[in-house]
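Fit the two chains together into the complex; they arrive one by one in their own frames, and the hints show the way.
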Amino acid sequence: MISETEFLRAYDDLSDALFRHCYFRIYDRELSKDLVQDTFIKTWEYIMGGGEIDNVRAFLYRVLTNLIIDFSRKRKKNSALSLETLAEQGFDLRFEDNLNERACITAEVKECLSLFNRLDDKDRVPVLMRYLDELSPKEIANILGDNENAVSVRIHRGIKKVRDILGDSKR
Amino acid sequence: MKNFEELIKEARQFGLGSDEKNSLREKIFNFVHEHPVRKWNSVRHIQREEENSSQWLNVLFPNFRNLIPNLRLMPIILVLTMLLGAGVSFGAEGALPGDPFYPVKVNVNEKVVGWLSLSQEARADWEARLASRRLEEAEKLAVDGRLNAENKNKIEANFDAHAERVKERVEEMEEKRGSSKAANVSSNFEVSLQAHERILARLAEDDGEEVEDLALSVKAHKDAFVKIRTKAEATFSAEADSKTEARAAAEGRLKAAENKIAEVKQFIVKMKEKLGEKAVVEAETRINAPEDLVAEGKLKLQTEAYGEAFVLFQRAHRIAQEAKLLIEARKELNLEVRIPAVRFNANHKSDAEAEAEIEGDENQKSGTTLNSSAETEVESETKVETDNGNIEGGGGIRLKLGL
Numbered sequence: 001m002i003s004e005t006e007f008l009r010a011y012d013d014l015s016d017a018l019f020r021h022c023y024f025r026i027y028d029r030e031l032s033k034d035l036v037q038d039t040f041i042k043t044w045e046y047i048m049g050g051g052e053i054d055n056v057r058a059f060l061y062r063v064l065t066n067l068i069i070d071f072s073r074k075r076k077k078n079s080a081l082s083l084e085t086l087a088e089q090g091f092d093l094r095f096e097d098n099l100n101e102r103a104c105i106t107a108e109v110k111e112c113l114s115l116f117n118r119l120d121d122k123d124r125v126p127v128l129m130r131y132l133d134e135l136s137p138k139e140i141a142n143i144l145g146d147n148e149n150a151v152s153v154r155i156h157r158g159i160k161k162v163r164d165i166l167g168d169s170k171r
Numbered sequence: 001m002k003n004f005e006e007l008i009k010e011a012r013q014f015g016l017g018s019d020e021k022n023s024l025r026e027k028i029f030n031f032v033h034e035h036p037v038r039k040w041n042s043v044r045h046i047q048r049e050e051e052n053s054s055q056w057l058n059v060l061f062p063n064f065r066n067l068i069p070n071l072r073l074m075p076i077i078l079v080l081t082m083l084l085g086a087g088v089s090f091g092a093e094g095a096l097p098g099d100p101f102y103p104v105k106v107n108v109n110e111k112v113v114g115w116l117s118l119s120q121e122a123r124a125d126w127e128a129r130l131a132s133r134r135l136e137e138a139e140k141l142a143v144d145g146r147l148n149a150e151n152k153n154k155i156e157a158n159f160d161a162h163a164e165r166v167k168e169r170v171e172e173m174e175e176k177r178g179s180s181k182a183a184n185v186s187s188n189f190e191v192s193l194q195a196h197e198r199i200l201a202r203l204a205e206d207d208g209e210e211v212e213d214l215a216l217s218v219k220a221h222k223d224a225f226v227k228i229r230t231k232a233e234a235t236f237s238a239e240a241d242s243k244t245e246a247r248a249a250a251e252g253r254l255k256a257a258e259n260k261i262a263e264v265k266q267f268i269v270k271m272k273e274k275l276g277e278k279a280v281v282e283a284e285t286r287i288n289a290p291e292d293l294v295a296e297g298k299l300k301l302q303t304e305a306y307g308e309a310f311v312l313f314q315r316a317h318r319i320a321q322e323a324k325l326l327i328e329a330r331k332e333l334n335l336e337v338r339i340p341a342v343r344f345n346a347n348h349k350s351d352a353e354a355e356a357e358i359e360g361d362e363n364q365k366s367g368t369t370l371n372s373s374a375e376t377e378v379e380s381e382t383k384v385e386t387d388n389g390n391i392e393g394g395g396g397i398r399l400k401l402g403l
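Sequence lines, in order, name chains A and B.
Numbered as in the working numbering, the first sequence ends at 171 without a single skipped number.
Numbered as in the working numbering, the second sequence ends at 403 without a single skipped number.
The hints are simulated quantities; they were obtained by calculation from the structure and are not laboratory data.
The structure presented is a predicted model; accordingly, all values stated were derived computationally and were not measured.
Take the hints with a grain of salt, since some may be wrong.
Computed far set for chain B versus chain A, every beta-carbon distance over 12 Å [unchecked claim]:
hint, residue
1, 8
2, 35
3, 93
4, 101
5, 107
6, 108
7, 154
8, 160
9, 168
10, 206
11, 217
12, 227
13, 269
14, 272
15, 279
16, 301
No farther apart than 30 Å at their CA atoms in a straight line, the calculated lysine-lysine pairs in the DSBU-like style are these [as the list claims (entries may be wrong)]:
hint, chain 1, residue 1, chain 2, residue 2
17, B, 255, B, 270
18, B, 9, A, 160
19, B, 298, A, 161
20, A, 33, B, 21
21, B, 270, B, 331
22, B, 9, A, 138
23, A, 74, B, 21
24, B, 331, A, 74
25, A, 33, B, 278
26, A, 138, A, 161
27, A, 76, B, 21
28, B, 21, A, 42
29, B, 227, B, 298
30, A, 42, B, 176
31, A, 110, B, 9
32, B, 298, B, 265
33, B, 227, B, 154
34, B, 300, B, 227
35, B, 9, A, 33
36, A, 122, B, 9
37, B, 227, A, 110
38, B, 243, A, 42
39, A, 138, B, 176
Where a beta carbon is used, it is the ideal one built from N, C-alpha and C, also for glycine.
The shape of chain B in the complex, shown without the other chains (with noise of 0.2 Å):
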């Protein structure tokens, strides 16, 4: 006579037939194919054509664009536009500090927005977006020589208490395995906050003290945030316990720099004639080192190194990124930024290491604490463990990140 430990041992054997196993399979994978999560990534598309037979709100609004840098918030304006009866609230988009609309802009545009993003990653982005809309303003009043201890102190503090909140909804995402999404976020930050700072740093040659002490808090935040970056890349290529985790993610950022390289190309075009020929030159060779790096990612691709691939489209959105912020400076601030070539390095030093190299700028190289050494073993093993302790199955992941 069998014990009940045995019996229910047989028990558990007994389940699903492959076959039946398979065909209820197909039937909820038709399900879920039919009733697609709708995903922010298939709205760009619809908004991308929207805003081209919409030009006619940038000419009445032009700071428009600043409110709505993420074309996935567009559907909020309309919401705002509803809420809030169009003329004041745009009207303060443009608000500096000391302007009278400024508290406009500030308390409630930007709030609305931030009410309206849902999922955390959108806050978080919201949040940088937030520090660098301050970071703007500073520099447009620095532009027009109007920045002074007293407006500059405001904007510090607010920065920080927004670079801040990216810093810590990024470590909360990282908790919750979310590394992908963390490591997007503190990617898009630390490049605008390269942009800022290589601004600030040229307006600081013609206006002096202030911008320069704005200049190296700005540095400071993003030292801070290539290491939170890199760091969220490691985390995320240890984690993906699951090979289509980590292939979904990096096909997502592949797409992601696909079209951020189109956007940006576009975008030279249109300034075409405010940027002339040198710097248009200048902005397409940049464009290379990205799209290269896209064409390496794919062959890692192909070999399923995915957390490889993950590195290398993070890097080229990140290239294309800033090379479209310097653009934009350009035409807001009519300022020539100097920007050094991208070497593009086969042994995938950080961008900060490579061009530490070109420019030969001390300062630069101590700021970076990244690690050294060219390559990083990463290994993780997973677990599944049952609730009585056991552990029933396993798996690892090995992977070499260049970093």
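So here's chain A without its partners, still in its complex pose (with noise of 0.2 Å):
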């Protein structure tokens, strides 16, 4: 059973790690503080509900996770233009416009998303778990219901093309 206390330290300890990771998925500041506050919220009253948590970490990111991909079906469905599409074209609506509207992200990180963006679907999200939030392989198995393996070849497969990219840029 957790304590308040130790929620509210989950909370310290894990709060910026989830919401750069929600970023970086939906490239909205607001939008991700929104979805991390409900993914605290959603742990809150499953412990309320006498809930048990092994691993208080990769329980949060499994909630965020399925919370991320519940909003994306909703934006999907609402816009007009089919941003999968326009993604498969290496470009993306939100992704352009939320990022000009905060001038305190840094050069680096622009590049990072735009890398990361480039990536497939299924790709990025293995990936980001591995480098961005460093989980290890086994718990983003846990965290996506994928098995071990699945998740090692998209880390391996998605991290060879931002490689490539990098590569590319060099020449």
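Structure, rendered in structure tokens:
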């Protein structure tokens, strides 16, 4: 049973990472804050209902991932244009819009965002989790509900693409 | 052109601004406090009121209290009523081995309460309670002169089984970093065993072999649990890797100790008639030691010595609890049990060591295998590892325990 103190401590320790992860997926600061808040609230509701949590970090990521998926589905439904099609062409409408609104994003961060954005959706999430969040492949598999091998393959593929892209621009 | 590693490193700096983080935290904090997890402690208050208004139940079923020594289990009785139909089940509560309804008591009532205990700690406490019930039965039989080899062996076997289960549960809790719970459970059980040991020793003076056998058995378990409890307390102090955790546990134990002391005082008042002047004075004196320990513990809290505070509150709780159990024995068995005065020892020797001093009892001394050094230093370091194997953060706790 997680106490209030432990729960709030989890917030202190993990909210930054969760926010960052979320932002790197939906490119919207305010929405990311909302989703992180919802993540913690839903987790507390689970605890209130008597739920036991073995790994708080993994649990929070799982809740957050599901919220992001829900959000993305809604977004796709609502938009006239298919963002997916645009993304395939290497251009994310939302991405560019929101990026311009915050001057405090450094050039490096912007470059990172653009890099990851060019990965396949399926690859991006595991890569983010591995390199940005520093979760283990086992934890990632746990969170995403996939098997460890599939996760490793995707991470590998994603990272290779990233390095290729970086290598390309060197020329 | 930067490489990937460098970029990623920069990216990890990105995050919430401190304003953003704090305002978000506030929202979550408010939500958490508007939706607290229902803890057993807060349920206690409601139950104290219920208890007063349901005195009639105590008249009809005088052994009611035995099934629910922990007020937290009170709601379960209501469930039992619905499930089993009051009469037979409650009537069975007073049954002793050999009585017709004894199987109902053991196989129905006790099992139902067991199923309904949810947390690990509650289950462990329940096993301890069951162990205690077996000993109470033996004591009642002994007072009536009905304790023979046959039923004594049965009782002892059951008692052993329950005591072993308590041990297992406590070990589980310690492994899963629940060492403050482990300390609580083992402390409570230790007290119960101590009280029973005294009662059985007293009964053995009149009644002989069977009782003495049982008394020795209980003593053996008690000695084991003194060790377990001490170890759990040490683990707790070493393990609590955040001050908030340690503080919360210490404050929890303070509350428990204060509640117990208040409970005992009330109990003494209630029992005034039955006890007689002398016993009342004795009992009231006995409460002084726990109160002193609580005061000292509070000072420790102020200086943030949470491990030491926890140990002090534990001890206060134990002494108060023992006082109550012995008064209860007086009431139930009409037995005068000699209680050695508790000397409040500033060196904080263990209860057993302090009493050994007073009783000058060699047997007691040899029974305790605790460290004779008065202080133990416990040092531990907490490390935070990322899965890359890099150590990102660290902290240290150093506590001196006077055991």
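Right, here's what the structure says about each hint:
Distance to chain A contradicts residue 8(B) as a non-interface residue, since its nearest Cβ pair spans about 5 Å, not more than 12 Å. For residue 35(B), the shortest C-beta to C-beta distance to chain A comes to about 6 Å, within the 12 Å cut-off, and the non-interface label is violated. Non-interface status of residue 93(B) relative to chain A is upheld: no Cβ of that chain comes within 12 Å, the nearest being about 29 Å off. Residue placement check: residue 101(B) keeps its beta carbon more than 12 Å from all beta carbons of chain A (closest about 35 Å).
Every Cβ of chain A is farther than 12 Å from the Cβ of residue 107(B); the closest lies at roughly 28 Å, confirming the non-interface assignment. Annotated as non-interface, residue 108(B) keeps its C-beta farther than 12 Å from every C-beta of chain A; the closest such distance is 26 Å. Every CB of chain A lies more than 12 Å from the CB of residue 154(B), the least distance being 37 Å, so the non-interface label holds. Residue 160(B), annotated as away from the interface, keeps every beta carbon of chain A farther than 12 Å; the closest lies near 30 Å.
Distance to chain A confirms residue 168(B) as a non-interface residue, since its nearest Cβ pair spans about 20 Å, more than 12 Å. At the 12 Å boundary, the C-beta of residue 206(B) stays outside the reach of chain A, the nearest C-beta of that chain being 47 Å off. Distance check for residue 217(B) against chain A: the nearest CB is about 35 Å away, which clears 12 Å, and the non-interface claim stands. With 12 Å as the threshold on Cβ separation, the claim that residue 227(B) sits away from chain A holds: the shortest Cβ distance comes to roughly 27 Å.
Here residue 269(B) stays apart from chain A, with its beta-carbon at least about 35 Å from theirs, past the 12 Å limit. The beta carbon of residue 272(B) sits about 40 Å from the closest Cβ of chain A, which is more than 12 Å, so the claim that it is off the interface holds. No Cβ of chain A approaches the Cβ of residue 279(B) within 12 Å, the least distance being about 41 Å, so the stated non-interface status holds. With a closest Cβ-Cβ approach of about 16 Å to chain A, residue 301(B) is found to remain outside the 12 Å limit, as its non-interface label requires.
This hinted pair checks out: residue 255(B) and residue 270(B) have alpha carbons roughly 22 Å apart, not beyond 30 Å. The suggested pairing of residue 9(B) with residue 160(A) holds, with an alpha-carbon distance near 18 Å, which does not exceed 30 Å. As the CA atoms of residue 298(B) and residue 161(A) are separated by approximately 61 Å, the hinted pair breaks the 30 Å bound. A hinted pair counts as satisfied when its Cα atoms are at most 30 Å apart, and residue 33(A) with residue 21(B) qualifies at roughly 9 Å.
Under the criterion of a C-alpha separation no larger than 30 Å, the hint pairing residue 270(B) with residue 331(B) is consistent with the structure, at around 11 Å. Taking the CA atoms of residue 9(B) and residue 138(A), the gap is near 22 Å; set against the 30 Å cutoff, the hint holds. Straight-line distance between C-alpha atoms of residue 74(A) and residue 21(B) comes to about 26 Å, which keeps the hinted pair within the 30 Å bound. For a cut-off of 30 Å, the pair hint linking residue 331(B) to residue 74(A) is broken: about 70 Å separates their Cα positions.
Between the alpha carbons of residue 33(A) and residue 278(B) the distance comes to roughly 68 Å, so the proposed pair goes past 30 Å and is violated. This hinted pair checks out: residue 138(A) and residue 161(A) have alpha carbons roughly 22 Å apart, not beyond 30 Å. With a C-alpha separation of about 29 Å, the suggested pairing of residue 76(A) with residue 21(B) holds against the 30 Å cut-off. With a C-alpha separation of about 18 Å, the suggested pairing of residue 21(B) with residue 42(A) holds against the 30 Å cut-off.
Note on residue 227(B) and residue 298(B): the hinted pairing holds, with a Cα-Cα distance of about 25 Å set against a maximum of 30 Å. The straight-line distance between the Cα atoms of residue 42(A) and residue 176(B) is roughly 25 Å, inside the 30 Å bound, and the hint therefore holds. The suggested pairing of residue 110(A) with residue 9(B) holds, with an alpha-carbon distance near 13 Å, which does not exceed 30 Å. Distance restraint check for residue 298(B) and residue 265(B): the Cα-Cα separation of roughly 20 Å lies within the 30 Å cut-off, and the hinted pair is therefore satisfied.
Annotation: proposed proximity of residue 227(B) to residue 154(B) holds, straight-line Cα distance about 27 Å (limit 30 Å). This hinted pair checks out: residue 300(B) and residue 227(B) have alpha carbons roughly 24 Å apart, not beyond 30 Å. The hinted pair formed by residue 9(B) and residue 33(A) meets the criterion: a straight-line CA distance of about 22 Å does not exceed 30 Å. Of the supplied pair hints, the one linking residue 122(A) and residue 9(B) holds, its CA atoms being roughly 23 Å apart against a limit of 30 Å.
Under the criterion of a C-alpha separation no larger than 30 Å, the hint pairing residue 227(B) with residue 110(A) is inconsistent with the structure, at around 59 Å. Under the criterion of a C-alpha separation no larger than 30 Å, the hint pairing residue 243(B) with residue 42(A) is consistent with the structure, at around 27 Å. Taking the CA atoms of residue 138(A) and residue 176(B), the gap is about 21 Å. The hint holds against a cut of 30 Å.
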